[in-house]
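Participant: The primary structure of each chain is shown beneath.
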Amino acid sequence: MKIKHNKNFTAGAVITAFMLTVILIGMVWTPYDPNAMSGKEKMLSPCLAHPLGTDNFGRDILSRVVEGAGATFIIAAATVAIGLVAGLVIGGLTGYYGGWLDEVVMRFNDAIAAFPSILLALVLIALFGSGKYNIILALGLLFIPSFARVVRAEVARQKSLDYVAGAKLMGAGDMRILFLHILPNIVPVLLPSVAIGFNNAVLAEASMSYLSVGVQPPDASLGRMLNEAQGYLLTAPWYALSTGVAIILLVLGFGLLSEGMGGKYGAA
Amino acid sequence: MTKRILTLALAVVMTAALFIGGGQSALAAGTGSTGDAAGGAITVGIASDLDSSLDPHVSSSLAGTREVLFNIYEGLTKPDTQGNLVPAVAESYAVNDTADEYTFTLREGVRFHNGQEVTVGDIVYSLTRAAGLETGEPLVATLAGVASVEAVDDRTVVVTLSAPDAEFIAYTTVAIIPEGSDPADGIVGTGPFKFVSRSPQGNIVMERFDEYWGEPAKCAKVTFEVIEDGQTMVMSLRSGAIDLAAHLEASQVAELKAAADLNVLEGNMNLVQALYLNNARPPFDDARVRQALCYAVDKQTVIDLAGDGHGTPLGSSMYPAFGKYFDDSLTNRYESDLDKARDLLAEAGYGPDDPLRFTIAVVSAYTPHVNTAQVIVELLRQVGVEAEIRQMENAAWYSDVYQGRDFDATITGMDASTLTASALLARFVSDNPKNFIGFDSADYDAAYAAAVGTTDDAEQTAKFKECEAILAEDAANVYIQDLADFVVTQADIEGYQFYPLYVMDLSTVYRAG
Amino acid sequence: MLITLLLISLLAFLAFQIVPGDPTTKLLGSEYSPERAASLREEMGLDRNVLVRYVDWLTGFITGDLGVSYSYGMGVDQVMEGKGAVTAALSLLAWVLVIAISLPLGVALARWQGGRLDRACVAMNQVFMAIPPFFLGILFTYVFGLVLKLFVPGGFISPQQSFWGFLGYLTFPALAIAIPKAAMVTKLLRSSILNQMGEDYVRTAYSRGNSRWGVIRGHVLRNAILPVVTFVAMTLADIVAGSIIVEQVFALPGLGRLLLASIGNRDYPVVQCIVVIIAFIVVFMNYLADVVTQYIDPRVRLA
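Protein chains in written order, with the numbering used here: chain L, 903 to 1170; chain W, 64 to 576; chain Z, 4 to 306.
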């Protein structure tokens, strides 16, 4: 597997590694319990005890940003996982067999992919109801087409290569060829898509939770916190700022990584 | 070639503009129709859009709609700031000894917004329509007891009830509309303001009615701007985009206090905020579990954390503005006691290995309730209860929770639509259609029936208090507080008055100087 | 194109028939009773077959009858009155800003490739692309609205009050939407131009004595702009969707606010209408991108 080792990749790797480290540490330890409230320590400015201050319930903002970044990351990961697995199956089968089913599925895919994902997500949320798991389901479903498209194109290309013909001669079954022989070969092509997927998933989760249809209080998530922080822009601008910067770092890290791997940043 | 692209881009822009903007030349109406006459024009921010219909006999269910319509429609009587009923369209009224016949005398010179003088025909029409005497389906539930409405002469109307009801007079605040009219075709009332226009999710505009029978409104024009987002409301106040907003919560006020050019008034919302529990199904069909929650949730902590210490703790379905019906001693029926809570939970079969888990439904637009929910989840965590918040839209809450009764617990505020104790207590009678928590107590039903059945005031008060005590004793709900109601206005806005009901009277508000 | 639209409208319609919850409960509120709900359902035609209702709705939609809003009891066109204009103005302003910022900037960066401006912008670009528009909106509200007081947050000015005030108020929301998109387009244009610079015909052009600027203007731009045009056209749909969220940040009375409220209120007719309108924009912009591409480069034939 070849990766262009360039500035983008390095910067992306550093930022992502930093965020992942913070998130991983946050899963085991945070300075304070992110949900613990304190009537005496409401709306504190940044200080030694609370480097990012406290919110309107006296909760430590730093702990919540870490916890929120973790929640956002996990949702993004789950979303990408759903999109990727279903995309692999759909894209793999349609790319390998082709035919009218391929036509129909891809037409449908194109139609969905052309539609703004936020809007579709809202429609799906109206159907499923809001909440963490419904957000994962809704966004996961929406990510299937883009993965399916990439997988399909690559499978269709690989299908005609010599090694597939070779495997066929050896008597390997279709499923065996598809998942054991072709699949490992499309991983390099898939990686940038996965990074872009992460990127879009983080943005989508943040938007949905900002609109109060994603993660439910009192759980932290970056979008959810940005929604709360907006009410305290004048008295506590660092609340909105630190949350926003966390989103930007997550998105930027994955964006640069995908670009370093040769993907097209910004195009889903 | 560059030119060609430009032309194309322009063509695209214009086509799109034509398409999207097509047929929308007539934009939001009601701007600039009057100048700033005496008292000026005032812009009020409201947190939710009004009901679909502004029919006063239909839309009485949404508190947010009622408080706006209060300025436009009037009944035979209307409440004043002290919680008394004062005659409005009626000049006076009389009750017979058995409290089943009410006689109203029409005030002279009361005019509708369309200029017509109010006649007894209008009153008979309005009450007949609201009580559903012709359709058999009362539009206003409190008028279900009306048997007949008759005009005796051209200034007197007699209302006969099917059963005695000493509280009936409080229900006569129902709006009077012109005979034969349908509010769907035009909004015509007798109040100090007349309706001008409405834009969904936008605004509602009303103007002073110059031929009003009583004290005329002090400002010439009021625009209600729908601002559903609490943060935006705060920003609009700061920036001066709106002049007045009511029902703000403490944290919003804290954000606004930094601005010196704003007035902050504090009153009460006049509602019963509680963690309403579904008594009809597990886990809350077990009184021990309900009581455990009452011991675990310290009202004052909730008020301190979610309301910055503002709010009046409550112990039953009654708030202090009701004066004689309010029983202060119930407030501290359950002193915070975590051990007792754990014991009761253990008795009911819940423990560290099998913790009590349930979901709290809350309407996402109501920040105070969402904040209260967050604190309660945290408090319950301390006794090992795992509560989860489920934010819902208003419509979903109505259909799933309120009407469908498919919920474990919900945080909301129950307000009184009329100045009667039964407005708050009727819903807990076992067969009442509004009994969404499925409370079922024979003692309660008996006490309530005794209360409404008597014409003796002292006995009635005692029976209503008995009802309240039963609710507290059975831990029907985890009662929290009557929320603090903050009204914030620009520095030059004066005259705002609080009512013991959930209304917003703008006729006394004006711009000074 | 027509089939896609039909499909989307059918999906939009069906989707909102299976949403849990019933509009009658909202309409009746706490005055709800099963009998009343049943009679209201009948009155609203909700008791009929789904497909019958779809055909009814579609014929109405085509003939300009957008249906009646459940929440407001008035025509959907009346409910949307004025709101479509706000969203349209915001989206188009943002779109024009994307073009106005990215075209000159992309060309300039390619022209002075490797220069100080180029290096600074390429790095900044990456960051701008990562900023969610609603966060940019919050930042603008704080910096330009609350600190510098360049605009009045929440003080929306309707086009009747003052057309220029209206556009002025939309500037910051439009910028919040436009900047991340402009960063993407700038980057795309720059790399597209630089890709072309390695082609044979460019070397030929140089050998004729053209300057770098002359080559870009006279030869490269025409080819390099192709993928950008398609992207910019598709961007409009994204911008419309983005405005749904940004309208919340700036309290703009547009379709976004209406859409969110209608989803919550299960006001199907309004939601369907807005979704289908946005779908139409998407499909139309795709089609337009093809037409424009063909116009610039006649070698591309429309399928």
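Be aware that one or more of the hints could be misleading.
As the list claims (entries may be wrong) - Computed beta-carbon distance windows for the label pairs:
hint: 1; chain 1: L; residue 1: Gly941; chain 2: W; residue 2: Asp391; range: 18 to 28 Å
hint: 2; chain 1: W; residue 1: Ala247; chain 2: L; residue 2: Ser940; range: 31 to 41 Å
hint: 3; chain 1: L; residue 1: Gly1001; chain 2: Z; residue 2: Asp121; range: 45 to 55 Å
hint: 4; chain 1: W; residue 1: Thr571; chain 2: Z; residue 2: Ser165; range: 53 to 63 Å
None of these hints come from the bench; they were simulated from the model. No experiment lies behind these values; they were computed from the predicted model shown. Where a beta carbon is used, it is the ideal one built from N, C-alpha and C, also for glycine.
Participant: Could you tell me which of the numbered hints above are not met by this structure, giving the numbers in increasing order?
Facilitator: 2, 4
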